[in-house]
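Visitor: Protein sequences, first through last, are from chains A and B. With the working numbering as the guide, the letters of the first sequence map in order to residues 1 to 520. With the working numbering as the guide, the letters of the second sequence map in order to residues 1 to 520.
Keep in mind that a hint or two might mislead.
Since the list gives no way to pick one copy over another, a pair counts as held whenever it fits inside one copy or between any two copies.
To be verified - Heads up, simulated EDC-like pairs for lysine to aspartate or glutamate below, C-alpha to C-alpha not over 16 Å straight-line: (1) K413 - E219; (2) K303 - D396; (3) K466 - E432; (4) K168 - D52; (5) K413 - D52; (6) K37 - D164; (7) K37 - E483.
No lab work stands behind these hints, which were simulated from the structure alone.
The lines below spell out each chain.
Protein chains: 2
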Amino acid sequence: METNWVKNAAGRLVPTQVNGEEVIPFQGVGKYRVHGKMHAPTIPSFVDFPKDGNKVVDSLKTALQKAGLKDGMTISTHHHFRDGDLVSNRIFDIAHELGVKDLRWFPSASFPCNSPLIKYLEDGTIHHIEGSLNGPLGRFASEGKMCGTAVLRSHGSRVQAIQDGEVKIDIAVIAAPTCDSFGNANALYGPSACGVLGFAEMDVQYAEKVIMVTDNLVEFPCLPIQLEGNYVDYVVVVDKIGIPEKIVSGTTQITRSPDRLKIAELTARFCLETGILHDRCIIQSGAGSISLAIGVFIHQILKEKNWKAAVSFGGSTKYSVQMLQEGTAEKILEGQLFDTAAIESMRQNPLHHNFSVFNAYNYHSKGNLTSMIDLVTLGATEVDVNFNGNVVSHSDGYLLHGIGGWQNCLHAKNVILPIPLFRDRIPVIVDEVTTLCGPGELIDVIVTERGIAINPLRTDLIEKAKATNLPVKSIYELKEEAERICGKPEKPQFTDKLIGIVKWPDGTVIDAIRQVKPND
Amino acid sequence: METNWVKNAAGRLVPTQVNGEEVIPFQGVGKYRVHGKMHAPTIPSFVDFPKDGNKVVDSLKTALQKAGLKDGMTISTHHHFRDGDLVSNRIFDIAHELGVKDLRWFPSASFPCNSPLIKYLEDGTIHHIEGSLNGPLGRFASEGKMCGTAVLRSHGSRVQAIQDGEVKIDIAVIAAPTCDSFGNANALYGPSACGVLGFAEMDVQYAEKVIMVTDNLVEFPCLPIQLEGNYVDYVVVVDKIGIPEKIVSGTTQITRSPDRLKIAELTARFCLETGILHDRCIIQSGAGSISLAIGVFIHQILKEKNWKAAVSFGGSTKYSVQMLQEGTAEKILEGQLFDTAAIESMRQNPLHHNFSVFNAYNYHSKGNLTSMIDLVTLGATEVDVNFNGNVVSHSDGYLLHGIGGWQNCLHAKNVILPIPLFRDRIPVIVDEVTTLCGPGELIDVIVTERGIAINPLRTDLIEKAKATNLPVKSIYELKEEAERICGKPEKPQFTDKLIGIVKWPDGTVIDAIRQVKPND
Numbered sequence: 001m002e003t004n005w006v007k008n009a010a011g012r013l014v015p016t017q018v019n020g021e022e023v024i025p026f027q028g029v030g031k032y033r034v035h036g037k038m039h040a041p042t043i044p045s046f047v048d049f050p051k052d053g054n055k056v057v058d059s060l061k062t063a064l065q066k067a068g069l070k071d072g073m074t075i076s077t078h079h080h081f082r083d084g085d086l087v088s089n090r091i092f093d094i095a096h097e098l099g100v101k102d103l104r105w106f107p108s109a110s111f112p113c114n115s116p117l118i119k120y121l122e123d124g125t126i127h128h129i130e131g132s133l134n135g136p137l138g139r140f141a142s143e144g145k146m147c148g149t150a151v152l153r154s155h156g157s158r159v160q161a162i163q164d165g166e167v168k169i170d171i172a173v174i175a176a177p178t179c180d181s182f183g184n185a186n187a188l189y190g191p192s193a194c195g196v197l198g199f200a201e202m203d204v205q206y207a208e209k210v211i212m213v214t215d216n217l218v219e220f221p222c223l224p225i226q227l228e229g230n231y232v233d234y235v236v237v238v239d240k241i242g243i244p245e246k247i248v249s250g251t252t253q254i255t256r257s258p259d260r261l262k263i264a265e266l267t268a269r270f271c272l273e274t275g276i277l278h279d280r281c282i283i284q285s286g287a288g289s290i291s292l293a294i295g296v297f298i299h300q301i302l303k304e305k306n307w308k309a310a311v312s313f314g315g316s317t318k319y320s321v322q323m324l325q326e327g328t329a330e331k332i333l334e335g336q337l338f339d340t341a342a343i344e345s346m347r348q349n350p351l352h353h354n355f356s357v358f359n360a361y362n363y364h365s366k367g368n369l370t371s372m373i374d375l376v377t378l379g380a381t382e383v384d385v386n387f388n389g390n391v392v393s394h395s396d397g398y399l400l401h402g403i404g405g406w407q408n409c410l411h412a413k414n415v416i417l418p419i420p421l422f423r424d425r426i427p428v429i430v431d432e433v434t435t436l437c438g439p440g441e442l443i444d445v446i447v448t449e450r451g452i453a454i455n456p457l458r459t460d461l462i463e464k465a466k467a468t469n470l471p472v473k474s475i476y477e478l479k480e481e482a483e484r485i486c487g488k489p490e491k492p493q494f495t496d497k498l499i500g501i502v503k504w505p506d507g508t509v510i511d512a513i514r515q516v517k518p519n520d
Numbered sequence: 001m002e003t004n005w006v007k008n009a010a011g012r013l014v015p016t017q018v019n020g021e022e023v024i025p026f027q028g029v030g031k032y033r034v035h036g037k038m039h040a041p042t043i044p045s046f047v048d049f050p051k052d053g054n055k056v057v058d059s060l061k062t063a064l065q066k067a068g069l070k071d072g073m074t075i076s077t078h079h080h081f082r083d084g085d086l087v088s089n090r091i092f093d094i095a096h097e098l099g100v101k102d103l104r105w106f107p108s109a110s111f112p113c114n115s116p117l118i119k120y121l122e123d124g125t126i127h128h129i130e131g132s133l134n135g136p137l138g139r140f141a142s143e144g145k146m147c148g149t150a151v152l153r154s155h156g157s158r159v160q161a162i163q164d165g166e167v168k169i170d171i172a173v174i175a176a177p178t179c180d181s182f183g184n185a186n187a188l189y190g191p192s193a194c195g196v197l198g199f200a201e202m203d204v205q206y207a208e209k210v211i212m213v214t215d216n217l218v219e220f221p222c223l224p225i226q227l228e229g230n231y232v233d234y235v236v237v238v239d240k241i242g243i244p245e246k247i248v249s250g251t252t253q254i255t256r257s258p259d260r261l262k263i264a265e266l267t268a269r270f271c272l273e274t275g276i277l278h279d280r281c282i283i284q285s286g287a288g289s290i291s292l293a294i295g296v297f298i299h300q301i302l303k304e305k306n307w308k309a310a311v312s313f314g315g316s317t318k319y320s321v322q323m324l325q326e327g328t329a330e331k332i333l334e335g336q337l338f339d340t341a342a343i344e345s346m347r348q349n350p351l352h353h354n355f356s357v358f359n360a361y362n363y364h365s366k367g368n369l370t371s372m373i374d375l376v377t378l379g380a381t382e383v384d385v386n387f388n389g390n391v392v393s394h395s396d397g398y399l400l401h402g403i404g405g406w407q408n409c410l411h412a413k414n415v416i417l418p419i420p421l422f423r424d425r426i427p428v429i430v431d432e433v434t435t436l437c438g439p440g441e442l443i444d445v446i447v448t449e450r451g452i453a454i455n456p457l458r459t460d461l462i463e464k465a466k467a468t469n470l471p472v473k474s475i476y477e478l479k480e481e482a483e484r485i486c487g488k489p490e491k492p493q494f495t496d497k498l499i500g501i502v503k504w505p506d507g508t509v510i511d512a513i514r515q516v517k518p519n520d
């Protein structure tokens, strides 16, 4: 099949076919209208399952074989264990052992701990990965070595792709911190507790076969039920599904850099003085070192004003838990947990509530949380003078970061990127982003240690900021300031070879990623 | 279209077409193998929903109009409010007012409070009802007056029919005791609290349009979320959605009849002495007057033995709550609640857990709870000498009772029907049931005030009972005893006109119901 290239609505050249399937070019924010029906999995039958409810089989290998593992299948996993995942690699060790080829791995994200899979990408066990590529796997893809094309989807877009049948999962392998023999599972208890399993919810509902892998088998019924055993085919018990210290750090740290603290403080002040922060606002919390600092400043502001956030949407840590405990947040809606204090809070506090990617981010549902959020703060590897953002590739062109829920959060009422003006003497504000992940029209404010740039589209915020003594500058001024200090960096060089695409939350293709040109 | 009649695997003559659609005759317990895909609803889009998440419209009429209400549509509702439902009738008042015709009403059950709908069945606003028909609506159908054919499905079969696309719901109208403007809902709080909303779970997921109707609109987010707003199109606020006294009785009463107390006591003794009751058993609880008494006896036995039921599956009342509190039940899995004590327990006790029809009863899922239950006790209007059971029609042939979860529960390990030998001097044990709802091979034991009959297939129970002094008799002996006292009743007379069918949990047709022959 011939791959054609077309210019999409963001002015980016994108392919019309990827991995042998047609894709739709980005048509502008809110412009693409989906037509069609959701994916319809095969109807299972009660008669095919053990009457005593016991679905335990002796090993993951047995489970994969019973699930019919074969060439070309799509295997999904979740990333709630982040860099402490001990299950995903094992699946492909088994596939390799069984001589299975051309698998598509469809994780909700990959991490450096998954770099042993490079050998299976090389030997053809895995054809390609669809999902965020962090670190070594991203570098491998950027070097043009992956057989198929990487498809980068935000968390919400992954859910949309499963629901809409864009990606049909043959076998979902779900690492479950606590599970009963019927397959009911939660992540609140057990030695590998990660708190929630929301990233696996869609996989479980739509995959043809579902395997639960646990190191904490409990008597039926496992309560609370975060994932329902009625969707599960097999349960496997192993020694260890994750490395606890890497699942939750327990030591999420606020930045100590004076520049970054300044960015955080400026961000919080901006939100207060422009009225973005108010009583009963809905805010998103994150675990980045600047985000944590912003959270602490916001907590202080709310406390002083005697205000209360109606909702803190997590990514939670001990800091958001503190807000819940001290009454500056009324409720937490939880997508994933970053430390043990947050897990403990979920166990104990009914106002700390499981809230899956489906509810928070799915673009193809009847509305979602994103557009109701008053404030999100997000990172970026690059922003350009048109406020376009890049979150996946480095200034050297290498694909090194996951896209996470970044694009989904851009639909919030106010989107702020609190970012340093430069990193390792490389300016963050550029003429044009290397990879377009988010269109500038959705990014409202850039806060740096040397000033704040407001998107010209946000005349309301520009007006409000005028009445303050906040250091508002144009994005060009910020860019020039960085370049005066660091010089203008060289642009990365690419070959013509397509190595990946970036999807927009509505399922269209917002950008294409090419192979990085070797140095010599 | 010509309706053909065939004899199904239970020896019953059933039609091959109903309401213009093909149906599959019953093929024997566990014999029918489904092939196909689940129903795929239309993919919705975020762009079509209010960014602030506020889906409130000014009235149910507006919501129905926006949802595109038109001739021939299927409208679904749930029956968690039982005889206190104030929403279902209102839908059809509006449809009538708008001149809409030929609707299919697809409730999870109907009650006497829905008898005002008879006028809409007469004038063609409603073509027919698919769902349990209690009281006047059943009598109307039995008199041959309903335009279409009644389709009686167990709770599990209704879930299966929605999931499999056998019934495509155009508009689901969900009475929600507590709801936010986005459509997130629960039934734990509010003036019309009914505890859970599990009967509406499938409707919300699979219906094309979903309308929430509430009398308790709360600020976003309504927590806990029992039904997810991401599936909801419109929210309507009304004065009152249910009559609390009729939703939960608050005064569920244990039988005072000496005969029925004897049946309960014999049932409990039978379960103890044959080993059906044991430590960590899974039992189902119910709210019938005999069931409640059995529950109290079982509670006493477990207490004396220092045993604990691992799970009590409800239909809960203050009696099952007492078991949870006093430690004779470790956990409650909750399908619906029958009194205020049970609702209070659900609010407070994390071991009292929401557990929907999908999880408990869906035959087309990867196993379900039913076959894991050690003991269920069920009522019946008739049982025949082959242990076949009838639960929908009276001895006079009229369709007067809902089928509920009765058929689903037949898949439990031990199924006991504790029933009086006669009611109003009409024997309950007959030569052949008027309507076949459950095949005899799944009904293990009949307990009456004058003796216990064990299904000859259960040689294990027969053997165990021999070592006891339980009054075991043959079912023929019990039948003769009743007929000696009451005489042999006349059989009801029917015309040839089909008025309803009874589905088996796998979606096949187990029996057909005909019009009752008028007296003169």
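Visitor: Which hints, by number, does the structure contradict?
Guide: Numbers 1, 2, 3, 4 and 7 - these are the hints that the structure violates, sorted from lowest upward.
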